[in-house]
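Number of protein chains: 4
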Amino acid sequence: MAREKGWKGKESRERLLAAAIDEFANQGFHKTKVSTIVTRAGLTQPAFYLYFSSKEAIFDEVVNDFHERLRMMMKTIRMEPGIETEDVPKRVLFAVETLFRFLAENPNLTRIGLFQTPEAKKIKEELAFMVVENLRAEQQAGYFHPDLSMEIVAECLVGIVERLTVSQLFSKKSNAESLAAQVVHLLMYGMFAHGSVLREKP
Amino acid sequence: MAREKGWKGKESRERLLAAAIDEFANQGFHKTKVSTIVTRAGLTQPAFYLYFSSKEAIFDEVVNDFHERLRMMMKTIRMEPGIETEDVPKRVLFAVETLFRFLAENPNLTRIGLFQTPEAKKIKEELAFMVVENLRAEQQAGYFHPDLSMEIVAECLVGIVERLTVSQLFSKKSNAESLAAQVVHLLMYGMFAHGSVLREKP
Amino acid sequence: MAREKGWKGKESRERLLAAAIDEFANQGFHKTKVSTIVTRAGLTQPAFYLYFSSKEAIFDEVVNDFHERLRMMMKTIRMEPGIETEDVPKRVLFAVETLFRFLAENPNLTRIGLFQTPEAKKIKEELAFMVVENLRAEQQAGYFHPDLSMEIVAECLVGIVERLTVSQLFSKKSNAESLAAQVVHLLMYGMFAHGSVLREKP
Amino acid sequence: MAREKGWKGKESRERLLAAAIDEFANQGFHKTKVSTIVTRAGLTQPAFYLYFSSKEAIFDEVVNDFHERLRMMMKTIRMEPGIETEDVPKRVLFAVETLFRFLAENPNLTRIGLFQTPEAKKIKEELAFMVVENLRAEQQAGYFHPDLSMEIVAECLVGIVERLTVSQLFSKKSNAESLAAQVVHLLMYGMFAHGSVLREKP
DNA sequence: AATGAATGAGGCTTCATTCAT
DNA sequence: CATGAATGAAGCCTCATTCAT
Numbered sequence: 001m002a003r004e005k006g007w008k009g010k011e012s013r014e015r016l017l018a019a020a021i022d023e024f025a026n027q028g029f030h031k032t033k034v035s036t037i038v039t040r041a042g043l044t045q046p047a048f049y050l051y052f053s054s055k056e057a058i059f060d061e062v063v064n065d066f067h068e069r070l071r072m073m074m075k076t077i078r079m080e081p082g083i084e085t086e087d088v089p090k091r092v093l094f095a096v097e098t099l100f101r102f103l104a105e106n107p108n109l110t111r112i113g114l115f116q117t118p119e120a121k122k123i124k125e126e127l128a129f130m131v132v133e134n135l136r137a138e139q140q141a142g143y144f145h146p147d148l149s150m151e152i153v154a155e156c157l158v159g160i161v162e163r164l165t166v167s168q169l170f171s172k173k174s175n176a177e178s179l180a181a182q183v184v185h186l187l188m189y190g191m192f193a194h195g196s197v198l199r200e201k202p
Numbered sequence: 203m204a205r206e207k208g209w210k211g212k213e214s215r216e217r218l219l220a221a222a223i224d225e226f227a228n229q230g231f232h233k234t235k236v237s238t239i240v241t242r243a244g245l246t247q248p249a250f251y252l253y254f255s256s257k258e259a260i261f262d263e264v265v266n267d268f269h270e271r272l273r274m275m276m277k278t279i280r281m282e283p284g285i286e287t288e289d290v291p292k293r294v295l296f297a298v299e300t301l302f303r304f305l306a307e308n309p310n311l312t313r314i315g316l317f318q319t320p321e322a323k324k325i326k327e328e329l330a331f332m333v334v335e336n337l338r339a340e341q342q343a344g345y346f347h348p349d350l351s352m353e354i355v356a357e358c359l360v361g362i363v364e365r366l367t368v369s370q371l372f373s374k375k376s377n378a379e380s381l382a383a384q385v386v387h388l389l390m391y392g393m394f395a396h397g398s399v400l401r402e403k404p
Numbered sequence: 405m406a407r408e409k410g411w412k413g414k415e416s417r418e419r420l421l422a423a424a425i426d427e428f429a430n431q432g433f434h435k436t437k438v439s440t441i442v443t444r445a446g447l448t449q450p451a452f453y454l455y456f457s458s459k460e461a462i463f464d465e466v467v468n469d470f471h472e473r474l475r476m477m478m479k480t481i482r483m484e485p486g487i488e489t490e491d492v493p494k495r496v497l498f499a500v501e502t503l504f505r506f507l508a509e510n511p512n513l514t515r516i517g518l519f520q521t522p523e524a525k526k527i528k529e530e531l532a533f534m535v536v537e538n539l540r541a542e543q544q545a546g547y548f549h550p551d552l553s554m555e556i557v558a559e560c561l562v563g564i565v566e567r568l569t570v571s572q573l574f575s576k577k578s579n580a581e582s583l584a585a586q587v588v589h590l591l592m593y594g595m596f597a598h599g600s601v602l603r604e605k606p
Numbered sequence: 607m608a609r610e611k612g613w614k615g616k617e618s619r620e621r622l623l624a625a626a627i628d629e630f631a632n633q634g635f636h637k638t639k640v641s642t643i644v645t646r647a648g649l650t651q652p653a654f655y656l657y658f659s660s661k662e663a664i665f666d667e668v669v670n671d672f673h674e675r676l677r678m679m680m681k682t683i684r685m686e687p688g689i690e691t692e693d694v695p696k697r698v699l700f701a702v703e704t705l706f707r708f709l710a711e712n713p714n715l716t717r718i719g720l721f722q723t724p725e726a727k728k729i730k731e732e733l734a735f736m737v738v739e740n741l742r743a744e745q746q747a748g749y750f751h752p753d754l755s756m757e758i759v760a761e762c763l764v765g766i767v768e769r770l771t772v773s774q775l776f777s778k779k780s781n782a783e784s785l786a787a788q789v790v791h792l793l794m795y796g797m798f799a800h801g802s803v804l805r806e807k808p
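If you read the protein sequences in the order shown, they are chains D, B, V and S. Everything in the first sequence is counted per this note's numbering, starting at 1 for the first residue and increasing by one. Everything in the second sequence is counted per this note's numbering, starting at 203 for the first residue and increasing by one. Everything in the third sequence is counted per this note's numbering, starting at 405 for the first residue and increasing by one. Everything in the fourth sequence is counted per this note's numbering, starting at 607 for the first residue and increasing by one.
To be clear, the hints were calculated from the coordinates, so they are not data collected in a lab. All values reported here derive from a predicted model rather than from experimental measurement. Be aware that one or more of the hints could be misleading.
[Stated by the list, open to error] What the simulated footprint calls covered on chain B by chain D, stretch by stretch (three residues with Cβ under 8 Å from a Cβ of chain D suffice, anywhere in the stretch; the number is not a length):
(1) 207–213
(2) 309–316
(3) 341–350
(4) 367–381
Don't be surprised by glycine CBs; every beta carbon is placed ideally from N, CA and C.
Given these sequences and hints, build the entire structure.
Below you can see the structure in the form of structure tokens.
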């Protein structure tokens, strides 16, 4: 047998999830009807409750899965303490780019997990907190301006990422690399014309 | 007559609006029930329909009023072309501060008009567009780094404002003035420690 | 004073009635709203209840007034017994024509009083009964075919009048005189071509 | 399985239709409540919307089905051109009788489809039109009086049928056969006593 | 003679969820 | 593993009618 036992059930579950993600992302939780999800999955309503205990349950599962994956990704971009000072911009750039890429690759999940669920609040705080941690060491090393509140900077970065994800990434006006470069440069050097290194970039 | 004719009706309408704004802001459109709104306004359900044609209608009115006021405020912070170069940071600071203050003073309306309604998309685009217009002249005057995309910078500013409004303003962790100063400094000079003017600020 | 006391009230009452008749006739009882009636009469809802105790009351008044007038008219077209045999067709023609004219002149009232209200049943029975009375004597005098049921004939006439009123009179495709002539001829002589007198008519 | 799949649903749908027809016919559209229909069908309100999209939808379905059947019946009573002249009365009699029988057998549907819905206008026009077509050939063959307007005659017949259906058929005062015979005789030969053939009928 | 403001009552419809098979 | 059929709960909205002035 090419397909083991339980395969069909898993298939159905996946189809339900896929349909639900699409609906939630584009219609929001309330406008999404269980009846639509099951129809799109080629099933009937009772079948839905074979796999999920409620409409809220499937929404939560989608959100939690996404947040889990996001947290994992966040671990990979956390800078170890003791990093070489001159490597900081590079590391920051890598982190931002990776984050952008992750969100761009999961637009529907991002819409749900970052813009619809109240849980988004928490994950954004975590994200901001990680950024703060990453930045604080450099600031204490005199690398960053001492009067800047790293908390505020971190929130700014989160806001920038949120906004650009929607306005540039989802609309494909720009890509993760380009965006990350510009954002990092902006945050590092500011808008003023003097002393920039942007010109030296490829 | 202590109060003119039509006063009572306007009062009721206002109470309905106030209740609706509070409910919409804190429960969202779908969880907000007309029955709750009218109860909070000390009325019965049919009275609601004396003043608004539907639940959607009152939501739209709230949103449109807010957007209208936001647009008016945006006009007042638009920089006239031909501004003195050395005044730019001051003007930008004023603009950002005014914007923050406006949002901080209308938290519920902001929640509705900036984070709940799909119409928010449009007004944010308008906001970003206004910022772009404001910045472009300075960039062409060599004031801002030529390789920076003002569109992206504008979107960043919008994202920053969105995020800080929620995380700092609504939670009263910070106020409009302080936030505006930090944001403008960050965007103007970046995070790096060299050549800052922040220290000279009051 | 050109207008005596109470004039204004009567005026309002008339306007309400006029509006109600038009609405009832064209929308039916249920689709007609008190709010529409008063608006068309240039009044407010409570004013309505100054003159009529309910929506049903005004409807009934309209119906009863019309039926009263219809009954009066029916009296005028009732044939006295002992009429000369050769005058019968003339008298029948007169009766039918008068009836058509009455209905044509009151299209809205007819729509209400003959086609909408359940009371129509009664008045139509009365109408049919009058016709029966009118015809029976002639039948007993051998004037009409003895095997024909005058009850049925009377009902036929009522049905014809109903239908032609709607299809010809209201649409102005034909007028009372022409219709009456054709109907009476048809009923008197039938459709067959032999022995008609229609040709001799003007 | 004693009954095939889908049987129960169809049963419920039929019960809903039956209840609806009865309510509509006797209470009219507006006084008929969905809640009554479902109660009579032994179901709850949401079940109604499993089978019909709205109260209006079920009404329309009832009307359309009836009109469809009526149209089919009308086809069967349409006289082919080239019919033998002496057969005309027989054919007309058959047609009228068939029509009466159809209406008598469907009193509730007739009440709805012929007296309640605005759509009745159309079907009556179609009926009149068919009658006109049937009569015109005979008139041109000299069979019917040349000065009679077949349009008017047709409308008369429609009116007669309408009226007798209500006053005789529904009340069971008379039956289709008897009514048809009298109506046809009346229209063919008129009320006058001379030259009738009614006496020769069984 | 009339109005601004409000309400009681009730109907239609939707949706997540479950029962029985 | 899945379905046909059904329901509980609840929300939106309408309309005739009335209160207080």
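Report the numbers of all earlier hints that the structure fails to satisfy, in ascending order. 1 and 2
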